[in-house]
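Peer 1: Guided by the hints, dock chain B onto chain A, whose structure is given.
From first to last, the protein sequence lines are chains A and B. Reading the first sequence from the start, the letters are residues 1 to 114 in the working numbering. Reading the second sequence from the start, the letters are residues 1001 to 1110 in the working numbering.
In short, the hints are calculated from the structure, not lab data. Keep in mind the model is a prediction, meaning the values are calculated, not measured. Beta carbons are placed, not taken as given, at the ideal position from N, Cα and C, and that holds for glycine. Treat each hint with caution, since some may be false.
[What the hints assert, rightly or not] With the C-beta cut set under 8 Å, the calculated list includes, among others, these residues of chain B facing chain A: (1) Glu1042; (2) Gly1043; (3) Ser1049; (4) Phe1098; (5) Gly1101.
[What the hints assert, rightly or not] Below are the SDA-like pairs computed for lysine to any residue, each with C-alpha atoms no more than 20 Å apart in a straight line: (6) Lys3(A) x Glu1042(B); (7) Lys1005(B) x Lys55(A); (8) Lys55(A) x Gln1097(B); (9) Lys57(A) x Lys1037(B); (10) Lys71(A) x Asn1096(B); (11) Lys57(A) x Asn1096(B); (12) Lys3(A) x Lys1005(B); (13) Lys1037(B) x Ser1105(B); (14) Lys1037(B) x Lys70(A); (15) Lys1037(B) x Leu45(A); (16) Lys1037(B) x Gly40(A); (17) Lys70(A) x Glu56(A); (18) Lys1037(B) x Asp38(A).
Chain residues, written in single-letter form:
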Amino acid sequence: DVKVTQSSRYLVKRTGEKVFLECVQDMDHENMFWYRQDPGLGLRLIYFSYDVKMKEKGDIPEGYSVSREKKERFSLILESASTNQTSMYLCASSSIRGNTGELFFGEGSRLTVL
Amino acid sequence: DQQVKQNSPSLSVQEGRISILNCDYTNSMFDYFLWYKKYPAEGPTFLISISSIKDKNEDGRFTVFLNKSAKHLSLHIVPSQPGDSAVYFCAASGGNQFYFGTGTSLTVIP
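Chain A extracted, bound-state conformation (with noise of 0.2 Å):
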């Protein structure tokens, strides 16, 4: 069974503390992304990663970074936390070979920032 796994479920955080989401997929996927998602907006894209060590910025990656060290680990860092950060973190994988353009999304975190 294909796996998109997010470190934590929920997390609870103060304003200025730094934060790591960290995403690990077993499916050899070279593409991986980092979504957030608020009510009434969507899935808005923060991050993307098409290679180890390659990222690209989405449409919000304000106060936000990535690292991608290893192909199958995709992190997302917070470096101070703000309030207008809470929101639920979507990570997704998908490969370039796929015929079907899917995306497969981990069960995301919810974070919290007080």
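Peer 2: Coordinates of chain B only, in the frame set by chain A:
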């Protein structure tokens, strides 16, 4: 500017009836269109997709229709069941990127 739009934030349907969820897009170069279903506090799960070269794809109770001239796709669920109550996201893919709509919350009333 949003490339994929779902103009109905919510939809309520009686159990056993048809649910029709709609989606519009702007970019005619998209390769695939996908529907995802999301329950609260969970990640989205893939439901069904359609290639841009087709106009219909069916999988059990779920059918997706693609009207390229209108840049419109729809998801039909027949018959609707209470377990179908969730948020449904329409997505389009092209060039290894994915573009999502804002979602439609479907409630199926028993």
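Peer 1: Below or equal to 20 Å on CA atoms is what counts here, so check Lys57(A) against Lys1037(B).
Peer 2: Measuring from Cα to Cα gives roughly 26 Å; hence the hint is violated.
Peer 1: Was the hint right that Glu1042(B) lines chain A, CB cutoff 8 Å?
Peer 2: 6 Å, holds
Peer 1: Does the structure keep Lys3(A) and Glu1042(B) at a Cα separation of 20 Å or less?
Peer 2: Answer holds: Lys3(A) to Glu1042(B) is near 14 Å, not above 20 Å.
Peer 1: Are the Cα atoms of Lys1037(B) and Gly40(A) separated by 20 Å or less?
Peer 2: 15 Å, holds
Peer 1: CA of Lys1037(B) to CA of Lys70(A), is that 20 Å or under?
Peer 2: 29 Å, violated
Peer 1: Given the hint that Lys70(A) pairs with Glu56(A), does the C-alpha gap stay at or below 20 Å?
Peer 2: Measuring from Cα to Cα gives roughly 16 Å; hence the hint holds.
Peer 1: Against chain A, run the beta carbon of Phe1098(B) and see if the smallest gap drops under 8 Å.
Peer 2: Holds. Min distance 5 Å.
Peer 1: Given the hint that Lys57(A) pairs with Asn1096(B), does the C-alpha gap stay at or below 20 Å?
Peer 2: 14 Å, holds
Peer 1: Holds or violated: Lys3(A) with Lys1005(B), Cα cutoff 20 Å?
Peer 2: 28 Å, violated
Peer 1: Is it true that the CA of Lys71(A) sits at most 20 Å from the CA of Asn1096(B)?
Peer 2: Given pair Lys71(A), Asn1096(B) holds - Cα atoms ~16 Å apart, limit 20 Å.
Peer 1: Quick check on Ser1049(B) please, does its C-beta sit within 8 Å of some C-beta on chain A?
Peer 2: 5 Å, holds
Peer 1: With 8 Å as the cut and Cβ atoms as the points, is Gly1101(B) at the interface with chain A?
Peer 2: Check passed: Cβ of Gly1101(B) comes within 6 Å of chain A, closer than 8 Å.
Taken one by one, the earlier hints fail for this structure at numbers 7, 9, 12 and 14, listed in ascending order.
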